[in-house]
Every structure is written in C-alpha cells, then in structure tokens.
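Novice: Using the sequences plus the hints, can you model the full thing?
Protein chains in written order, with our numbering: chain A, 1 to 364; chain F, 1 to 291; chain E, 1 to 297.
Note that these hints are calculated values from the structure, not bench results.
Any given hint could be a false lead.
[Stated by the list, open to error] DSS-like, lysine-lysine: derived pairs with alpha carbons at most 27 Å apart:
#1 F:Lys198 - F:Lys171
#2 F:Lys198 - A:Lys141
#3 F:Lys18 - E:Lys205
#4 E:Lys96 - F:Lys22
#5 A:Lys243 - A:Lys356
#6 F:Lys22 - E:Lys185
#7 F:Lys22 - E:Lys7
#8 F:Lys198 - A:Lys61
#9 A:Lys61 - E:Lys7
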Amino acid sequence: MKVVLQNLTKKFPARGKGNKGDVIAVNDFSFEIPDGKLIGLLGPSGCGKSTTLHLLSGLQKPTAGKIFFGEDDVTDLPAEHRGVGLVFQSYALYPHLNVRQNIMFPLENLKGKQKLTKEQMLQKTEEAAALVQLEGLLDRKPSELSGGQQQRVAIARALVKMPRILLLDEPLSNLDARLRLQTREEIRRIQKTTGITTVFVTHDQEEAMSISDLIVVMKDGVVQQIGAPQQVYDEPANLFVAKFLGTPPINVFEAAVKNGWLYIGDEAVLEVPGVSDREATAAIRPEGFVLNENGKFTCQLHRVEVMGRDITVVCGHKCTENPAIRAIIRAENKVDTACPTVRFDLIRQKVFLFDKQTGERIGL
Amino acid sequence: MEKRKDYLRLERSAERRKAAVKTVTYVFLTIWAILVLFPFYWMLLTSVKSYSAYSSEYIPAFFTLNPTIENYIHAFTAVPLGGYFINTMIFTLVTTALMLVVTVLAAFAFSRLNFKGKDLAFTAFLALMMIPSELVVITNFVTITNWDLRNTFAGLILPSVTSVFYIYLLKENFAQIPDELYYAAKVDGTSDLKYLLKVMVPICRPTIVTITILKVIECWNSYVWPRLITDDEAYFLVSNGIQSIRENGFGRENIPAMMAAVVVISIPLILLFLIFRNKIMAGVARGGTKG
Amino acid sequence: MEQNNRKGWLYLLPAMLFLGFFLVYPLVDVFIYSFEEGYNSASQTYFGIGLYNYNYVLHDPYFLQALKNTFILVAITVPVSTGIALLISVGLASIKPLRNLYQTVYFLPYVTNTLAVGLVFMILFKKTAYTDGLANLIINWFGGESVDFIDGPYWAKMFVLCFYTVWAVMPFKILVLTSALASVKQDYYNAAKVDGTSKLRIFTKITLPMISPTLFYLIITGFIGAFKAYSDAVALFGTNLNAAQMNTIVGYVYDMLYGNSGGYPSYASAAAIILFAIVLTITCINLLVSRKHVHYA
Numbered sequence: 001m002k003v004v005l006q007n008l009t010k011k012f013p014a015r016g017k018g019n020k021g022d023v024i025a026v027n028d029f030s031f032e033i034p035d036g037k038l039i040g041l042l043g044p045s046g047c048g049k050s051t052t053l054h055l056l057s058g059l060q061k062p063t064a065g066k067i068f069f070g071e072d073d074v075t076d077l078p079a080e081h082r083g084v085g086l087v088f089q090s091y092a093l094y095p096h097l098n099v100r101q102n103i104m105f106p107l108e109n110l111k112g113k114q115k116l117t118k119e120q121m122l123q124k125t126e127e128a129a130a131l132v133q134l135e136g137l138l139d140r141k142p143s144e145l146s147g148g149q150q151q152r153v154a155i156a157r158a159l160v161k162m163p164r165i166l167l168l169d170e171p172l173s174n175l176d177a178r179l180r181l182q183t184r185e186e187i188r189r190i191q192k193t194t195g196i197t198t199v200f201v202t203h204d205q206e207e208a209m210s211i212s213d214l215i216v217v218m219k220d221g222v223v224q225q226i227g228a229p230q231q232v233y234d235e236p237a238n239l240f241v242a243k244f245l246g247t248p249p250i251n252v253f254e255a256a257v258k259n260g261w262l263y264i265g266d267e268a269v270l271e272v273p274g275v276s277d278r279e280a281t282a283a284i285r286p287e288g289f290v291l292n293e294n295g296k297f298t299c300q301l302h303r304v305e306v307m308g309r310d311i312t313v314v315c316g317h318k319c320t321e322n323p324a325i326r327a328i329i330r331a332e333n334k335v336d337t338a339c340p341t342v343r344f345d346l347i348r349q350k351v352f353l354f355d356k357q358t359g360e361r362i363g364l
Numbered sequence: 001m002e003k004r005k006d007y008l009r010l011e012r013s014a015e016r017r018k019a020a021v022k023t024v025t026y027v028f029l030t031i032w033a034i035l036v037l038f039p040f041y042w043m044l045l046t047s048v049k050s051y052s053a054y055s056s057e058y059i060p061a062f063f064t065l066n067p068t069i070e071n072y073i074h075a076f077t078a079v080p081l082g083g084y085f086i087n088t089m090i091f092t093l094v095t096t097a098l099m100l101v102v103t104v105l106a107a108f109a110f111s112r113l114n115f116k117g118k119d120l121a122f123t124a125f126l127a128l129m130m131i132p133s134e135l136v137v138i139t140n141f142v143t144i145t146n147w148d149l150r151n152t153f154a155g156l157i158l159p160s161v162t163s164v165f166y167i168y169l170l171k172e173n174f175a176q177i178p179d180e181l182y183y184a185a186k187v188d189g190t191s192d193l194k195y196l197l198k199v200m201v202p203i204c205r206p207t208i209v210t211i212t213i214l215k216v217i218e219c220w221n222s223y224v225w226p227r228l229i230t231d232d233e234a235y236f237l238v239s240n241g242i243q244s245i246r247e248n249g250f251g252r253e254n255i256p257a258m259m260a261a262v263v264v265i266s267i268p269l270i271l272l273f274l275i276f277r278n279k280i281m282a283g284v285a286r287g288g289t290k291g
Numbered sequence: 001m002e003q004n005n006r007k008g009w010l011y012l013l014p015a016m017l018f019l020g021f022f023l024v025y026p027l028v029d030v031f032i033y034s035f036e037e038g039y040n041s042a043s044q045t046y047f048g049i050g051l052y053n054y055n056y057v058l059h060d061p062y063f064l065q066a067l068k069n070t071f072i073l074v075a076i077t078v079p080v081s082t083g084i085a086l087l088i089s090v091g092l093a094s095i096k097p098l099r100n101l102y103q104t105v106y107f108l109p110y111v112t113n114t115l116a117v118g119l120v121f122m123i124l125f126k127k128t129a130y131t132d133g134l135a136n137l138i139i140n141w142f143g144g145e146s147v148d149f150i151d152g153p154y155w156a157k158m159f160v161l162c163f164y165t166v167w168a169v170m171p172f173k174i175l176v177l178t179s180a181l182a183s184v185k186q187d188y189y190n191a192a193k194v195d196g197t198s199k200l201r202i203f204t205k206i207t208l209p210m211i212s213p214t215l216f217y218l219i220i221t222g223f224i225g226a227f228k229a230y231s232d233a234v235a236l237f238g239t240n241l242n243a244a245q246m247n248t249i250v251g252y253v254y255d256m257l258y259g260n261s262g263g264y265p266s267y268a269s270a271a272a273i274i275l276f277a278i279v280l281t282i283t284c285i286n287l288l289v290s291r292k293h294v295h296y297a
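Specialist: Take a look at the structure:
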C-alpha cells in the first residue's frame, strides 16, 4: 500500500496562560511512502515524529493537509476504521488477557462482511503468533513474558488483521542492548515476509539506519531530509542531519574558505576548488582522518582509545565546538603518544561544508 | 572485664523491658478484642438459650449447657423475618446493580472521554461529595411521597443509587490505565463502549468488587431512609424489622428470640466480610466511611 | 484525544439524572422550605417567607435537648475514640504474631448492622425486673450499685450511647491509622534507633508528625460523623428519643419530618441547615487549627 502525506500540519493549542499561539508539532510535511517499504522516522525527542505516526494511525486529526492510503483519502477516517496496525512503545498489551486473547482482540472487532468465525480467528492468531515465533507462549499473561516477548506479542497483534500499513513507535527503546539487535533483525524479517508498508519512529539513528529502506530525518516538526540511509549519511542536506547521524558524532569546526582552500584555524587543510571565499562550518566524519606525519591538519593529542579493529584518536582543536575530536583510524597505524600533537590528512568525501548562518550544505 | 559486664547488664535489662512492653501490648490488644467480640458472643449465646432458662437467670450465665434452636424457628414464624430478609435482598441487589451501571458509565466519561465542560462537571461532582444526606433527605421524602412511591421498592431504591464517592474512586482507578491501551484498542477497531466493557472493567475489577461490597454493606445496614419511606411491614428491611421486633414483636420480653433474629440478619454480612476481608479493608482504608 | 461532546454527556447522563433529582434539587429545596413559614404538607401552601422556622426550632426544648446531647456525644466520643484507636494501632504495628487476627476482629463492628448490635448493647446494659443485666453484674462485682443504663439517669444513658458510638466507629479509625503507620518508612525508625532515640521520642517526634495528616482526617470525619449520630441512639433507646431525652439533632430532623410529631418539613429543614452550619463551622475551625499542627510530607 502506497501512502501519501500531503502538506500535513498539526498544531496544538499552547499550554499555560502566558504563551499565546500554537505549538506546531508537524509543519507542512509532504512525502510519498512507496509500497512495501520500511521507513524510519528519525529525530530528537519533540521533533514531531510521534505526532506524524499518530496522524497516520488516525488517533489524531491533522490541522491541515491530507493523508492517502493508496488512492483513498483517509484524512478524516477515525482510527477504528482505518485498518492500521500500531505497536506502542510500551506495547500496550491488555494485562487481563493472555497472549492468544491479546492477538485475537482486533479480529473480534471485525464487523459485517469481514466478520470471522471462531475457527478462522484462532487460525489467524496461530499464524500471527508463528510469524513472530511465539507458538509456545499463547496461554501466558503479558506479565509472565520478557520485554522482547511482549514486544513480539504487540507486533503479532498489530499484524493479525493484515493492516494496510504497520506503524511502530520506538519499538526497541524498552529492550536491552542485545535484544535490541536481535529484535531489529526480527522486525526487518517480518516486514520482508509480509510485505506490509511499515513506518517506525525512533530517536536512535543507528537503529533507523540499520533496517530502513528510507529514513526521514525530522527536527522541530520540519522534515530535514528524506533518503536511503547511506545516501543521507554520505550527503547530509544540512548541519543538523550531519550532526544527528553517525557514531561517534561528526566533528564540527569553525572554518573559512580562502582562495579555493579550506582553512581551519591558520591551516589550509583541504583544497576546495570552485567555492567562493566565505566563512563556513566544516564537519568531518571520524573516519575522514588519515594519519600522516606531514599532514596538513594539526591537532592536540589527548589520548588514544583502542577498539580492536580500529583505534580512536581523541584530540583537541581550538576551532571546534565538540568537547573533543574523534578520529577513527585503522589499528595498524601507530600513534606516538609522547608527541603533544598529531597530524592528519583529510578524505574529501568525508568533509562537508555548511553555511554559517543557515546550516545549509555548500557543495564542494 | 568490667565493661563486658556492663554490656551484659545493659543487654539483659533491655531484653526485660522489651518483654514487659510486649506483654502490656498484648494484654491491651486482647482486652479490646474481647470488648469487640463480646456482644457477638452474647447475642449467639442468648439466642440459643430457651426463653424460660433466660428468664429465670437473675444473674446471667456466661454459657449454656442446653442450646436450643427454638428461638430461630420462633424468629421466622412469629414475625415476618423471612420477608424482611427477601426485601433487603431485593433492595440491596437492585440498588447495587443500578449503582454499578451509573458509576461505571460516569467514571468512564470522566476518565477517558474528552468533552466540553468536563472539568467543570467533575468539580461540581466533587463538591456534591460534601453534601450530607441529612440535608437532602427532607425533600427526597416529599418527592417520593408526591410521586406516590411510599411503600414501594422504587421509592426505597431510587434515592439510594448514586454515590459520588464511588464515581470518584473508580474514576481515579480508570485514569491509571495507560492511554496507550485505549489507543491500541482504537487502532484495533474497538468502540468506546466495548473498550470500557472488555478492557477497563476487567482491569479495574478489584476496585469494582470493592465498591460493590461497600455498597452492599451500606444497603444491608440502611435504616434511616427505609424507616421514613415505609410504614407497611411488607416493605420493611431488616433494620426496620429489627426495630419493629424490638418494639412490638415477640411480646416485648422474649429476648432470646430477638437475639436469634439479630444473629440471622448479622450473618450474611459477617460471611461476606470473612470471604472478602482484604478487599473490604483495603476499600475502606481508601476513604470509605460508614453510612 | 479528539473531543466528542455528545458522547461524553451521554455517558454522564444517568449519574446526572440521579444526582439532580435526589441531591442537587433537594439541596436547593431544603433552603426554600426552611424559609417558608407555616408550610402545610397536605395542601402544599405557606403563609410567608421569613426566619420563623429557625426561631421556632431554636426555642423548641426538644431541639435544645438534642443539641446538648449531640454536643456532649461529640465532645466525648471524638477524642476518646481517636485516642484509643491510636493506642491500638501503635500496639498493632509493634507486634507480628496474631496481628492479622486482631485486625480482623477489630474490623468486625464495621460490617454489622447498627440496629441489630445496638439491641445487644441494650440487653447488656438494661435493668429489668428479671435481671440487672450483665453490665450491672460487673459493677456489682466491684461493689457498685446497679444502675438502669437504658431507662435510668441521664448520665448513665449518655454513657451507654458514648460507649456504643465509640465501639462502632473504632474499626474505621483503627484501619485507617494502621495503614498510615504502615506507610511510614522503616528507614526513619532505623535512623532514629541508631541515633539512640527513646521510644517515646520516636513516637512524638517521628510517628506522630508523619501520620498527622491521617490523624487530622480522622478527627474531621469523626466530628462530622458524631454530629450526625442517630441510628445508635435509636438502637439503644428506641424510636421515641424525645421521651428518652436522648434525641440527637438528626433525630430531631427526622422526627419533625415524619414521626410522632408528624409532618413539618419546614422545621425539619431549618434544623438540618442549623446542623449543617454547625458542622461546617467546626470543620473550618479544625482546618484552621490543623494548619499549625499538621505536617504534610
């Protein structure tokens, strides 16, 4: 099912007597979700991603704009009739029902032509349970399940009625690190098996990058960039996106362009032909550094962290707003820790320039 | 060496004091327990003494060797105790059932639905909690009389149905159910009423059971309103029945028969209490008051 | 959550109907009644508007008797029952074996029918031609004279009424205080113990302040409850309380409304409003006093 968002806007009345005007949670959001894809809505908390999800589910109505499922305009269709599956961050399993009853719950609500017999319901429940590998646990109560199992019950419940689209709200945030890795593979697998268009919300960029077909980066209700994960990572549209994606985070410097060279501090670190002279913000990915005794870029060496495959060189520079610069280099490189400074060359594809005021990307 | 002896002495005297305090505590608690239980014992004891035996005891005996059930037979035959019983049962069941419906619906509206004037309405409800029933009973008496409902079950039941406090209690409990459950049910295509009945009510069953029991106790013991609104013995509840037995029944002085009647009407609630002890005590601790 | 006005009010409708008819309307009406002079319940007519009903009630010797009885009852039972309940709860909190049993026993009076058990009390205290009753038996053991507590001197009747009232209100107070005591964190006690604080000091400096909101709640509800005393008196002395000199304000209201003196809703309303005014005043005084002495965590 293709999903189209057209100029979607959601305003909330401001709280408190003092401040007038509305809070804009989602601002003029247009996007077409291709059929059968897994979409990650990514952004810091309060960026409007959860509101977008609620608008998609029908739990909230947009202030302006339209939502289409395929060719149907569902903007004013309430959640009960929209036929979406929604998995909540807290799972929202009914505590008094066992796993089977929880999964079956949406089926019991079907009316008219869609109404199923008891046997059909049980069979569909079994199928959904099998899909998320819960077969042995059908008679348990939610309180008797681990976090990961509860999560899978929630997914099964969302899937059992074959929703037009599947929505997941921070699906992994309540799981511990190991389970998170496992569950995210699981979500990917289930989505591939069923082919249901799926939108999930997360604040964890790694999570979004690892399984999404497309990611949508949001900030303050405004979409910053939409694209395939690698593309967004490699070509961030603005400073916010560059900073938001990547661990360790990108290193940001005050910089200037003079005579076709990028200057950080007094050093001309990279040739940037075709860029006019200006002040700018330079951002360098941690993997954009190459150790070189005669490199053009000099930093104060703080310490070296050994990670096994790589090492991280932690250093300082007067032009950065980061507490420390992190450069990831291969473990074969030897860093002389006795020396107070360390010198690098920069990899062109890993260096981005942004406008100092707007934060928009400047092409190199 | 000296020091060690001191410690030993300290230890011993502390232990002695502790034991003394314990003993005093238990004696005190036991005295109150006896004071509480004694009327129950006395009512049971008197109810199994025969009338002649009781009347001949100038100094009351603390036990009897010849228990009899004749008083119980007497209690059911000489006065319409069975009728009082059935009346009370009907009154209690219908009142409690109506109360539950009204309370659940109102608590749902306050906790889950969003509508204009909700906050104002809820504040008004809270304010109503402070109105003493003594103040409104006068007009209710006139209203029921004007509606020609004296000596009817409708007249007994209607003004006894609502308890603002129970609405408040259940609303607080409903409000603790996470919003996500409601949203999940919505997305799953559930109507509001179905969500209320299939999710909220089962989850809050403990509270609902508690208010049901409290209401049953309240109904079973209600005296003032039934006394005002019924003067036909056919509609007497047990409290009024007891009062009428005391003043007219059994030829005044047949105290063992009176006690048998008292035992009979006390048993249902004591049984209810023994079964639902924890629920009742938890419910009352949360702010129930008597009457 | 989207607004749905009609649905919200629809769910509230049953509650509003019941409350409107039997709580809100009567509340307004009772004030009207109390000002309508010479109201006749048969013809539903009245002569005029004024304070005559209040004047009548305040000069009615039966009302003054009821007022006196109620005040004595309140003044005795509230402090006594709260005090004993506090002692019992502290005792309960300090023991482990048998605690549940005691708690269950103490709660029993709550679930019993006031009228029924009142009858038992009457028998225990009544002196008849056949027997002096159990209470007198015990008085005799200690060398006292027999007294008729039910039809005898005023103080004896008042004593029984107070005794029965305390007996009946204890379960609620013990239960509430016990759960308040249980909610005081053990850490405070342990800290105090380590500091070498004496038991009495722990009680006055830690326990009492910690449970003071509960204690205060009990005192307020105790006052309100005791002012509304009625059924206990009926249970002990029968429905003709005026004759027994044991009427209470609420009893007076009901007697005026319907009873031996028969059908004066105006007087009843005036008396009920006077009672409400007294309760409101006492509660306000309580609230003012509590500001100084109650510690909210």
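Novice: It remains to establish, for every hint, whether it holds in the given structure.
Specialist: Evaluation of the provided hints:
no., hint, verdict
1, F:Lys198 - F:Lys171, "holds, 17 Å"
2, F:Lys198 - A:Lys141, "holds, 16 Å"
3, F:Lys18 - E:Lys205, "holds, 21 Å"
4, E:Lys96 - F:Lys22, "holds, 11 Å"
5, A:Lys243 - A:Lys356, "holds, 14 Å"
6, F:Lys22 - E:Lys185, "holds, 22 Å"
7, F:Lys22 - E:Lys7, "violated, 60 Å"
8, F:Lys198 - A:Lys61, "holds, 26 Å"
9, A:Lys61 - E:Lys7, "holds, 18 Å"
Hint 7 from the list above is the single one not met by this structure.
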